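K.L.:
Take the given structure of chain V and dock chain D to it, following the hints.
So the sequence lines, in the order shown, correspond to chains V and D.
Using our numbering, read the first sequence as starting at 1 and increasing by one per residue.
Using our numbering, read the second sequence as starting at 246 and increasing by one per residue.
In case anyone wonders, no lab produced these hints; they're calculated from the structure.
Honestly, I wouldn't trust all of these hints.
To be verified - Below, computed lysine-lysine pairings styled on DSSO-like, alpha-carbon distance capped at 27 Å: (1) D:Lys314 / D:Lys518; (2) D:Lys249 / V:Lys243; (3) D:Lys374 / D:Lys461; (4) V:Lys5 / D:Lys249; (5) D:Lys374 / D:Lys283; (6) V:Lys243 / D:Lys248; (7) D:Lys314 / D:Lys445; (8) D:Lys374 / D:Lys314; (9) D:Lys283 / D:Lys249.
To be verified - Just so you have them, the derived chain D footprint on chain V, three or more residues with Cβ under 8 Å: (10) 48-62; (11) 184-191; (12) 197-209.
Unchecked claim - Short, incomplete list of chain V residues facing chain D, as computed with Cβ under 10 Å: (13) Gln13; (14) Thr17; (15) Thr21; (16) Phe151; (17) Val213.
None of these values were measured; they are calculated from a predicted model.
All C-beta atoms, glycine included, are put in the ideal place defined by N, C-alpha and C.
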Amino acid sequence: MNTIKANTLNEMQKLLTKKGTKLFLLASVLIPVLTKILVNNLFLTDWMALPAENINMTLLDLFVTILIPLFIFIAATDLFTREGERGTLLQVRPISRMELFGSKVIAISILSLFILLLEWTAVVVSSTVFDKAFEITAIPSSIGAFVVSWFPILVLTAFAVMLALFVHSSVLAVSGMIVLYLIMLFIPYVLPGSLFFLPTAYLDWYMQWFGNVSIRWMIQTVTYLCSSFALFFTVGYYMFNRKEA
Amino acid sequence: MNKKLLAVIGISGTLMLGSVYSISANTSGYDLYKDALKKTHTAESATLNFNLNIEDNNKSLLSSQSIFKSDSVNQVNSISTRLANETDVSSMNMYKQDGNWYLMKDGLDTVYKMDTSKNPHHSNTAELKDDVENLIDVMTKNLQQQITVAEKKNGNHLIDLDLTGKEIPLSANALSTLMIKHAVMLQDKSDSKGSDFHIKAKLPELDHDITVKQVKLTAEVNKDNYIKQQTVKVIVTGKEKQDTSHELELTINLDASDYNQTIVTPVGISADKVVEFNHGK
Numbered sequence: 001m002n003t004i005k006a007n008t009l010n011e012m013q014k015l016l017t018k019k020g021t022k023l024f025l026l027a028s029v030l031i032p033v034l035t036k037i038l039v040n041n042l043f044l045t046d047w048m049a050l051p052a053e054n055i056n057m058t059l060l061d062l063f064v065t066i067l068i069p070l071f072i073f074i075a076a077t078d079l080f081t082r083e084g085e086r087g088t089l090l091q092v093r094p095i096s097r098m099e100l101f102g103s104k105v106i107a108i109s110i111l112s113l114f115i116l117l118l119e120w121t122a123v124v125v126s127s128t129v130f131d132k133a134f135e136i137t138a139i140p141s142s143i144g145a146f147v148v149s150w151f152p153i154l155v156l157t158a159f160a161v162m163l164a165l166f167v168h169s170s171v172l173a174v175s176g177m178i179v180l181y182l183i184m185l186f187i188p189y190v191l192p193g194s195l196f197f198l199p200t201a202y203l204d205w206y207m208q209w210f211g212n213v214s215i216r217w218m219i220q221t222v223t224y225l226c227s228s229f230a231l232f233f234t235v236g237y238y239m240f241n242r243k244e245a
Numbered sequence: 246m247n248k249k250l251l252a253v254i255g256i257s258g259t260l261m262l263g264s265v266y267s268i269s270a271n272t273s274g275y276d277l278y279k280d281a282l283k284k285t286h287t288a289e290s291a292t293l294n295f296n297l298n299i300e301d302n303n304k305s306l307l308s309s310q311s312i313f314k315s316d317s318v319n320q321v322n323s324i325s326t327r328l329a330n331e332t333d334v335s336s337m338n339m340y341k342q343d344g345n346w347y348l349m350k351d352g353l354d355t356v357y358k359m360d361t362s363k364n365p366h367h368s369n370t371a372e373l374k375d376d377v378e379n380l381i382d383v384m385t386k387n388l389q390q391q392i393t394v395a396e397k398k399n400g401n402h403l404i405d406l407d408l409t410g411k412e413i414p415l416s417a418n419a420l421s422t423l424m425i426k427h428a429v430m431l432q433d434k435s436d437s438k439g440s441d442f443h444i445k446a447k448l449p450e451l452d453h454d455i456t457v458k459q460v461k462l463t464a465e466v467n468k469d470n471y472i473k474q475q476t477v478k479v480i481v482t483g484k485e486k487q488d489t490s491h492e493l494e495l496t497i498n499l500d501a502s503d504y505n506q507t508i509v510t511p512v513g514i515s516a517d518k519v520v521e522f523n524h525g526k
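Next comes chain V alone, as it looks inside the complex (with noise of 0.2 Å):
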């Protein structure tokens, strides 16, 4: 257990020092604060009165449709696919595959709770300071869709790392991985049937947390969102523990 927990950490420090990832912990912060500083101050806004717990949704909805997948894509695209490149991917460590790979998987995972927790600091406290109509009342439901969020995006995690195994060239696995990923965000438009097979159409399942829940959709989603981790992590680990060292 202590190794998994000190290759996490190791992990996750090879990805901090990556410019990709400041950046994007940046944007965490940053977005958020200029779109709360820009719906205050636009003209528009002043005849429209859009609920501010709204806009928070949409800033959530950006980020875990676009900018967290990305960061996953290019964080899986580091410590897989790039570091099988230059041949550190699979060094003597005392360590085992199993734990090698599952402390890589969780340290991505960590991170982009880290950016979704981070980004959500931001939107409450600049909802607090530039919204005229903020309650605090709206803070746990908020919290709530933000850590509820966390769980399709390990599927994404999870999904991401496999496509990284299977290729072999990082350039191709990052634009790989970002064009299919626009693929199975547009098919359903074409092919209805289709979407609730992709793991993309869960990203924004907190949206149905709000109101009625139905027990039976619950079930359902758990489920498919349970099943389809352990798939995608059970490949990618047999693609990983196939590598020559």
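P.N.:
Same frame as chain V, now just chain D:
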């Protein structure tokens, strides 16, 4: 080792497919309503009671009551409407027969004839409809969960969608606010012309803090999957330049009856009273 992995892959894959299948198989209020709308469109004839009300701070600005009888087999329709704003009341009747619309207004001796043969909106758009349907299906994915269905004792289904404040999608809210602001500005411009033909509602000149407060849609679908009753209620709040706040409430109520049993009898229209009515005037 590999066998264990394969087992995990097999089990999780099966579970995933199973959950996808069961999620797709969910029959929601949305599907019920969509099917009912489609079925209702195929009805050969029906009688519709259509009521529209606009209220401003609980004071009626405009109300209209219409009875619409339609027979699509014989291509005969009749509409009789009573319109009232704060000061005036007017009634008019419209008939569609022999491929044309005729309009009669109370107190006027002429019959206006509208030529609908040049209407460009009649092209067949079945394919487009399917595409639009797909688009709407995917875009409203999250709203669909908010639709509730209750079954009544007589077998009818009550469908209900009630969105307030933050539940209304931001883009829809912003767009309707934009439209209201625009409508107010247009009203300002056209006020001077003053048409005597239609009764208009004098909408308050909303200036700022405009927002859609509530959207509520209820529908009753009967056992044959026809829409029996439907109400749409939209509440918009906003303030005038002088900070007077307004709560505008739009209610549309539709009662449908006599599906496939409505008989519309054509009326006699004497040809010498007919005046051609041009849209482009």
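K.L.:
Hint numbers the structure violates, sorted upward?
P.N.:
Of the numbered hints, 9, 13, 14, 15 and 16 do not hold.
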